[in-house]
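Chemist: Let chain A serve as the given structure and place chain B on it in line with the hints.
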Amino acid sequence: DQQVKQNSPSLSVQEGRISILNCDYTNSMFDYFLWYKKYPAEGPTFLISISSIKDKNEDGRFTVFLNKSAKHLSLHIVPSQPGDSAVYFCAASAYNQGGKLIFGQGTELSVKP
Amino acid sequence: KAGVTQTPRYLIKTRGQQVTLSCSPISGHRSVSWYQQTPGQGLQFLFEYFSETQRNKGNFPGRFSGRQFSNSRSEMNVSTLELGDSALYLCASSPETGAIYEQFFGPGTRLTVL
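Chains A and B supply the protein sequences, listed in that same order. For the first sequence, the working numbering gives the first residue as 61, with consecutive numbering after it. For the second sequence, the working numbering gives the first residue as 253, with consecutive numbering after it.
Just chain A, with the same shape it has in the complex (with noise of 0.2 Å):
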């Protein structure tokens, strides 16, 4: 059962344009979200989160939406760097489970130059 899904393997966009990546879950208990970007042979990064009784957080070039009513979130980038290429991930967690994340599969971004 995938509480958290990222329905996209991959996107590709041109350098200076906005990224969006997306992401949905089923789980109404989830009040916390986080974006984590990961190169190859590292740990995920942290990068952006939203708890859930906003809508939007930003952070630089980073910005976060949370659609509770649609159960969906996204991140958006802009502009794009082709130093964000990276798979990202949504992440989700419920405040009565303490330090469990549930992950998404994961959406490998390339930003080309």
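Worth flagging that the hints you see were computed from the coordinates, not collected in a lab. Don't take each hint at face value.
[As the list claims (entries may be wrong)] The following residues of chain A were derived to be distant from chain B, with all beta-carbon distances above 12 Å: (1) 75; (2) 144; (3) 153; (4) 166.
[Stated by the list, open to error] SDA-like mimics (lysine to any residue), calculated; alpha carbons at most 25 Å apart, straight line: (5) 97/A <-> 304/B; (6) 98/A <-> 294/B; (7) 98/A <-> 340/B; (8) 98/A <-> 278/B; (9) 98/A <-> 282/B; (10) 131/A <-> 296/B; (11) 265/B <-> 354/B; (12) 98/A <-> 259/B; (13) 98/A <-> 129/A; (14) 309/B <-> 89/A; (15) 98/A <-> 291/B; (16) 98/A <-> 347/B; (17) 98/A <-> 362/B; (18) 309/B <-> 165/A; (19) 128/A <-> 117/A; (20) 97/A <-> 278/B; (21) 97/A <-> 290/B; (22) 65/A <-> 116/A; (23) 65/A <-> 338/B; (24) 98/A <-> 263/B; (25) 97/A <-> 70/A; (26) 309/B <-> 338/B; (27) 98/A <-> 321/B; (28) 98/A <-> 268/B; (29) 97/A <-> 265/B; (30) 65/A <-> 313/B; (31) 98/A <-> 337/B; (32) 309/B <-> 280/B; (33) 98/A <-> 72/A; (34) 131/A <-> 100/A; (35) 98/A <-> 290/B.
Cβ atoms here follow ideal geometry from the backbone N, Cα and C, with glycine treated the same way.
Modeler: Relative to the frame of chain A, chain B by itself:
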């Protein structure tokens, strides 16, 4: 601050053997979680330890176990290794006990079972 460290980085074992992986969290972090990453299943939660107690557990068989020491360092053990246990094992640490906190990951241990 130094990041999360995991040892060893690479390990090759044969079926039936057991293995112990080690994780040192970021200084001051008391929560340590373990994840398994495979191409087919993605990143899956194994278990979390806080103050030497297992606080959460994922859906893995009893062959997978862990523990945490008083200095917050953690180990995970896999007994009777199977080919399907070949994976990247990631450890993550977190500083807070509340509901909202981010986890910081180590580089992982790549386990190959032959």
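Chemist: Which of the listed hints are not met by the structure?
Modeler: 3, 4, 5, 11, 13, 27, 28, 29, 34
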